[in-house]
Amino acid sequence: MREMSLKSNSPDLLAEYFAVCGLPEEPTPYDVSEIIRNGEEIVLSESKCLDFSRYSTPIVDIQLINLSQKEHPPDGYQLITETVDGSAECSLQSRAGEDLCICYRRGYDKPPIGDIGLVDTNQRLKANSSNITHTVGSRPAVLMKKRFLPNSNMYFSYSRLPKNYGVDQLALTDICVILKNKGEVCPLGYKELPQKLVCPSLSADMHICYKKSFVKRYIATYQPEVLMWYHVCPGRSQPQTTSILDGHQITAPLPTDDALAEPIFNSVDIATLANFCLPWGAAIESWSVEQNPPRSVFFTFVVTNAAYQKFHGSALTFYEPYDVSRLDRDRCYRLDVDPELALLNKDGTAAEDDLFTPEELVRIEHRQGVFAASRVGDRVLGVTKTICLVSRFDFNDAFRPFLAFLESCCFGPKARPIPLERYLAFMLQEIPFPDLCCPYVLVDLDGYHMRLQIPFENYMSSPSGEPYANLLHRIGSELCLQLIVQLLTEQKLLFISVMPDFLVNTIQQLITLIHPLHWVLVYIPLIHMRCIHVIQSPSPYLIGVDSRFFEFFCLPSDDDITVIDLDTRLFRPAINNRFTDAKCLPKGPYKRLKSALVENEKQLEEIAKKIREDEKLGVKSEEKYTNHICLVGTKVRRACFSFMAELLQDYREFLLPVTSKGRELLFDSEEYVKHAPERNCQPFYKALVETQLWADFVRDLNCISERTPELESFDNCIAQLKQLRLGRHRQRGFAVDDDCSQVSSGSGGDGSISDGRVNRSHSALSVLTNGAGGSTNSPRGSIGGAQDDASLNGGLIGLGNGRLFNSEYSKVVDPPDGVLEMDPLCIDLPMNQFTWTGNAHFPEAINSALLDQLCSRIAQRTVAHTVEPINMHNPSTTSLLSGDFVDSMGTCADSRGTPTNTQEFYPPAKHLPPPLSFVPGNGVPEALGIAKLNSLLKRTQQETTDCLVNATRRRDLGGYLWAELLLSEVYSLWFLLLPAFIASLQQRYSDSATGPVCLEACYFLFHVVKMFLRLWDSVLQPVDQVILSPAGV
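Note that the working numbering has the sequence shown beginning at 140, numbered continuously upward.
Hints were generated in silico from the structure; no laboratory data involved.
Wrong hints could be hidden among the right ones.
Unchecked claim - Derived EDC-like pairs: lysine to aspartate or glutamate, alpha-carbon spacing no greater than 20 Å straight-line:
id, residue 1, residue 2
1, LYS755, GLU745
2, LYS733, GLU817
3, LYS249, GLU429
4, LYS249, ASP200
Generate coordinates for the entire structure from the input sequences, incorporating the hints supplied.
Here you go:
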């Protein structure tokens, strides 16, 4: 007996942990001994010494040298004379036929170069860009664009960062040249210029590659630690509900999950959390007073605890002013700070004021803001800190506004003190959990708009298409197709990027494109350095890492890792990777998916162009195109879903029954591969059925699980796909058999006929359809089935048209009262017990007891507003005979579905014969759903065995135990058949199909509730998974 609430009262919390990670008071140096010991084979340094505080010096100047005129590079310049592998000499050919060579200089004496390129001589330059028109010897430096075309000229161009550039900006750190005809490829972490260079060799294919990194110089790295954490769980408040029956008041606690009440992290997990929040360690950094302070960075990550449970973290890393009184000589040396000036600052002496004029000091304070307090001479000091929320659910970047709001209260232009405990209680306990009844929850925190939606639990649960539009726009259609192939064949995939938020979001969206298959192997979207040795794992994985990885490590020598550089769209397949081209897919599905992705990519390019044009006019137009972007993203999801439906459309014909002869053999892989429509795609299907994701997929098909409605929805879409193709063939005059054998078994490639094929089961269409018309309506909970258009719109829940998610069902939550004394939740609490955010410093400790009390009060207040005492003998107070009460009892659990949709839901015919049609409007289909009833009636092999063993044991014991089992089974069957009985009463006695529940049904429900309350107090536990609650009846 689990549920007592008469309304939806989910115990799910938005987040369960709030943590602050950073530099402790007594920091310890960053220990790399464990990293070197575990990853000795991949450490790049010959001395096996790692220093993560070391960054490459940026390039500040680039020149061209005329080798034909024997020009020499200036002092301090490095000349590029060979290709990246040293296999050949490299020189560019000028318009005059002379050999030119690139040279560059590193340093910090001027703003570094931010980008390079090759532009036509008549092309207009961008802002802060310059062309190299002459060599160091003042000779023309016009490059030849195409051989034998006299007017095809171009210049080498570069752009420089502004003078007040920040340490968190990207700048050029290396340049190299490759010859593709010599087998050289762009190094990992580099970007290749698309223009081909003309060189003396006629057959050479020469390209320039460059690398960018952060402009950091003086930095000290230490071991990060969790400075403060707080765990909230439903078990803290112990709220209760009250009901009245036969004159007696019954009080029962609301259900709380014991697993949720236990801490999800132990001490080791807490230390791991700090490493994820600060992957390169906690750092103290200094920058010039002329540079802008670094900005905050938001990113998400996935962390696994000691119990192998996966949790999602949302983190915001920022800098706060460093306490200069804690400087010692070692830190002064590493941060380029004058020790004497630091000592004077400790004594409160402003001896360095003579270094700047009053006007300069005003300008410095305006530029540095709160960091002006940590200025020592001409250097400014800052220390990294991360605030983090950990949740059981994937909310993507929905928590970013809340974390940014907390940071702005300490460091923003509108910094103000807020009671941290009150706002944490608001976030962790007061904001409702979004569900299908209320899919959107909107919160406005002083201009920071937080928009929560149903968390990402599977491919179909997120109603927004914007992440998929961003994915396609950032990586392109070609790379997207390549990555789908790599995921389906379970390759070792290593993603790299300098932007952690982009890295994690891309990986999280990619694994959803292969629905209904789930990636079940190693999955670390953002890895920290202490577990970098995982990339040496022999099993497939999906790992994301910062691009700086290649400055300290190299790839293992087994050459089985496929690397994807998301910043440059570089795809580097492993040497032994057999699927380096997306053309290994069946031609039909491949062509249709590619066409759809290319078309959507063009639309996104047009939208991006319009946004850039509006920005030039000073108009912020991102929100203006949000709906269009979401619509394109929904089209991307539909295209990928249609592709997977075509790819796997006949898989059920090769499922094998569980027999005593081969219990472990659940799928006929050999026949499935043999019946692939094209011979060239058989290796792909063979690799697919050998993967772990396919094994888990087959297992889920043979067992009742939470994925059962989702898989039934996928089958419905496959059936609809075959219906559409069947209609096209008949229109074209094809002779089509009744068993739909014109559809190929493996992939559905172009609808070709498979000759000589023996159909071992009923036709795929007849098996998947239900009813005379062959329509396959979606079962409840399956998120929707296929619609009537060729793109399978319904396969994506109808997200674009808001079929399940409507703005009318959004909830707006007001933030806490700005005046704490006016807040009813805190009116009797002493104000001095709250932790107030300070100026230029985020608190590292909170009052946990006070926060527990606030969470308990919020939980009790929520229960008081949700559940009212029920008097079973007073119809006037309970409205038992009214349609509203019955609706709240019978449909509240599933009113989170389509609020205005009265469509009947049916399961596929292969699982259950067509049931009796329910009268629309009686609430029973929405209350229980045929798919859920089907799942309850259908037992797995293991469940059947366990029930038989339990029943046999109790029968042998006899007496009370045997009678209790029989009575429990009776109640199980009674509640299983209850919806059908209520429906029959409604059909027989109701005058109107859309009217309220008839009196006979209401009277029977009155006795149902009484029986339910008696069972609540009894020791009977029905052996089947039956939810005995008013919501279930």
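Going down the list of hints, with the structure as the test:
This hinted pair checks out: LYS755 and GLU745 have alpha carbons roughly 16 Å apart, not beyond 20 Å. Between LYS733 and GLU817, the direct Cα distance comes to roughly 18 Å. Compliance with the 20 Å bound is thereby established for this hinted pair. This hinted pair checks out: LYS249 and GLU429 have alpha carbons roughly 12 Å apart, not beyond 20 Å. With a CA separation close to 9 Å, the supplied pair LYS249 and ASP200 stays within the 20 Å bound.
The structure shown violates none of the earlier numbered hints.
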